[in-house]
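With chain A held as given, fit chain B onto it using these hints.
This is what each chain is made of:
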Amino acid sequence: MADPVSRPDPPVADDPATAAGWVDAPPRMGFFTDTSVCIGCKACEVACKEWNGVPTSGLDLLGMSYDNTGALTANSWRHVAFVEQPRPAGHPPAASTGAEPTARTEFLGMPGAAPPGRTGSADGRSDFRWLMMSDVCKHCTRAGCLDVCPTGALFRTEFGTVVVQEDICNGCGYCVSACPYGVIDRRADDGRAWKCTLCYDRIGAGMTPACAQACPTESIQYGPLDELRDRAAARVAALHERGVPEARLYGHDPADGVGGDGAFFLLLDEPEVYGLPPDPQVPTADLGRMWRRAGVAALAMAAGAVAAFLGGRR
Amino acid sequence: MANADVIVIQGSNMAEAHPVGFQWVMEAKRRGAKVFHVDPRFTRTSALADTYLPIRAGTDIALLGGVVNYILGNELDFREYVLAYTNAATIVSDDFVDAEDADGLFSGFDPATGSYVQDSWQYAGHEQTSGSGHTGAERETAAGLQHESHGAPVSGAVARDETLQHPRCVYQILKRHFARYTPEMVERVCGVPQEKFLELARAWTENSGRERTGCLIYSVGWTQHTVGVQYIRTGAIIQLLLGNVGRPGGGVLALRGHASIQGSTDIPTLFNLLPGYLPMPRHDVHPSFHAWVDSIRHPGQKGFWGNAGAFAASLLKAYWGDAATPENDFCYDYLPRLTGDHGTYRQVLDMIDGKIKGYFLLGQNPAVGSAHGRAQRLGMANLDWLVVRDLFMIESATFWRNGPEVATGEIVPQECRTEVFFLPAASHVEKEGTFTQTQRLLQWREKAVDPPGDARSELWFFYHLGRKLREKLAGSSLPRDRALLDLAWDYPTHGPHDEPDAEAVLREINGYDTATGRPLGGFAEARDDGSTAVGCWIYSGVYADGVNQAARRRPGQEQDWVAAEWGWAWPANRRTLYNRASADPQGRPWSERKRYVWWDAEASRWTGHDVPDFEVTKPPSYRPPEGAVGPAALAGDDPFVMQADGKGWLYAPSGVLDGPLPTHYEPVESPVRNRLYGQQANPTRKMYAHPVNATNPSPPQEHSQVFPYVFTVSRLTEHHTAGGMSRTVAPLAELQPEMFVEVSPELAALVGLAPLGWAHLVSARAVVEAKVLVTDRVAPLWVDGRVIHQLWLPYHFGFEGLVTGDSANDLFGITLDPNVLIQESKIGTCDVRAGRRPTGAALRDLVEDYRLRAGIVPGVTPPSVTPGVRVEPSVGDEEGEP
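Listed in order, the protein sequences are those of chains A and B.
The UniProt record's numbering puts the first residue of the first sequence at 1, with every later residue one more than the last.
The UniProt record's numbering puts the first residue of the second sequence at 1, with every later residue one more than the last.
Just chain A, with the same shape it has in the complex (with noise of 0.2 Å):
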């Protein structure tokens, strides 16, 4: 298997398992989450840590609309955010009696009332709008966790996705610095970095990921990344033709920072509402560059030394 670490400047492979060196990999697996139709039900979620064995996350009320979950972390593996927007100014009810106020509460901590949804591209709305989407890993196709882990626990499986092994991870965390959607995370109490396998133990089965499984509406579709890309264009076209302008692709691009997503959604509005980064770039980019740089600046230091020594003999 080549070493991805060491691969300058990888060319945009839409097939990274065979770039990560498999020979006859399977067709890469992914998923499109149709937020359009999640219900927010976050059976994904419970699904998830039931099959994986994932610990509870805490019993903490966050008051976050119904995120109780927060983040994807080590311990939660699907996050469904929950995003409440607001009735444009001027929506019904009018005050009776002065005693009534009549000015909204402008912002109360929740981050559906935070600006970024107010300011989206949903002009023109009249209603109260409640967005739901789960998140998970996005099993990106240049994956910085992967490029920067130094123990090998990280690696690309024959369907593409980004997996931790957790009996090689050394907790280093220099991959939770290396995740630019900061999905992957470690543990408290054992230190290791813990995320997302799309259910590698059972889509090498021929099983379905435990949380699209469970999803009630297909908001989680699993599959062959080139058909879910393909069933989202339509998707989106379908909308677009409903009268829904504002649906959007996310993570579906080869073009994009990370090389395109194995996981990539269907967005209501810019991804900055569902606090989703609006253009991620895997930080290892540079790194040939950095590479070369820092090996022109070695070998100048090096010169320059021989140099000083050349010199310092004369």
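If the Cβ cut is set under 8 Å, some of the chain B residues that face chain A in the computed set are:
| hint | residue |
| --- | --- |
| 1 | Ala15 |
| 2 | Val20 |
| 3 | Leu735 |
| 4 | Leu756 |
| 5 | Val803 |
Hint data in this document are derived by calculation from the structure and do not stem from the laboratory.
Glycine included, every Cβ here is placed at the ideal spot set by N, Cα and C.
Below, chain B alone, put in the same frame as chain A:
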């Protein structure tokens, strides 16, 4: 549902409470259907709907009545369907006085019993020959339920006006009844903006008719009201007017609250029913088997209920086997009899009063899940013994040491007299059996794993309990023991714990020939001579040919869209009831697009995608001969075959106890006066004058402002009912880890509530505290010149489990719907205050303080008839007419 062109969800948070079924709403939406959600607050269902309508809790009849008025006022009904298949043309008695003309009371009200004498509601000429007459006893025994599968009686032919112009025809009565339910009135009563209401009314009517169909979905947001049955009636009237019954993509869908709640009404856990909706006999009017059977089949009656004798005899034969013979009326005398109200709330009050000694609780957690939790707990604390069978140690098993009444000093663990036996139960994956779901579909479930430790199935528990009781009584000569000793209690068992064979039980439910043991093919084979035994006649056919039909799992892609080979639906594996109505009176599909069941003239039989809900060889042109009775009296274009006149009932001359037409009444606890009638709340509602029970005052009573806010409770998708199966399980508990209350930003500002801070809610029954979730999803409503604030709470929390909190149901009092004795637990009034509630004795002092300020005297119920409303003497009394 996936075939619907419009879906209206009201009284249901389907996406959260029925997420799996909701996939079909999403499928319909994908195919282009428009989805409406009407609810007091914006939920996950609203988020996925095309249009959301906010509504003041408890005003659904006003909104739906507005839709009826919109349909009739603009003549948008599916006239051909309405004329042929409903009772729109039927002439109603001259004696009938509508609630519109009597300030909210229909004719025949008897204030002494809080019930109606229904003679004046009957069809013209049938005043004395049909109907329920005085319905006081029916109200006591929730007898409205017994009409669930088969309608109420009407005898003989009825007078009709096919032009619908007669002033006393149902169509005109209906039109007058709802004429005042205008868009302006809807806005004033419900707080629904007129343009939103009209958007709903337009979409509903435009997507109904020959080419299109709409479906209506409700769940306990409709049923748990003192006028709940009438909510559903109003929905049914709309669907009948628009031709949306018996057709694909149509219907009124009742979403059931648990995996097999449908099954537990079909084969009931209710006090007033026997399997297959056979009524439980009453001691006073059903002294003999024949009196009982005649009260069901109504001799001389049209329709399919005429075979009641065979169903009743076969049921008793299944119970008592060889001991049941035609000579001894199949042991009819062994059947218990009703003597009055034995409903769950009556029982709780009787427990408090020491009239009930022992209690079994199976799959139920009333300490959290039932209205007036304090009454539930005090009742259970006053028994000799209590058996709780559950998966976890639930609140109803530990109330005597951990309940809130221990903190207030009302229950002292050392002195609590109830001996509680906790028996661990097997979960649904640890036992085999069937689930019957919303669509009446039975699905067989295999056992996946053995139950842990001492946990056992319900089947095991009851079989061996019965076996042991019979062993203990063996040799008894007492007549009272015969019923138990003569039972056919002979199920085969297997395994180390002698688990009874669930398939053997299903076979008995299906029915068999007592001579040969051959399983019956369907209920048509049931006999009244003792030659058949059938455990539940409507399920007959589920074990046809000796095959477990409920276990069929042929994948959807391997069969047509009706998927008749997935599981088995009662009756007769029919997926859509009354599907004769999917064809026009001549038997042709109403349209190619909505083709479902039709008359094949060449083959001279009904055919189509589903099992026809009609005698398959009766042609559309068939007209019954003079004097025909039973099924033969149904014409070839009478699709509602269980109804006594073969028609869908826009107007119900009997069978509904609180009015032949739905009428808007305010909830028992409401901050506003009824805009439409002098009568404030349902005059027939069931109230219990008991010291533990108290009702917050509502206008026109004084002091209603002591409880100025409206609260409603329901489910979160993350939890299951009283929380016994979710607050105990970490991956679920952590998703909604604390009790909270949702309030609008406006109310938060008004009361001084901070996000994630504490608030407590006070009613005349209890105080509960919760964390505050301020959200735009709850909006104040502008109702008739004033702002109404509504709050919402989940009812899942209790004091046991991984996550705990106060129980929202503690806030409710006990007032019931008169038809089915369901409690009003979807709306109440309360006060809200910032901060945590008091503890210990101070908590009861706070409630007492509120009671004093509101002028509430415990044990005194508000008047059923609002003061000032004149009760018309019943017509018969006044004019001496027949």
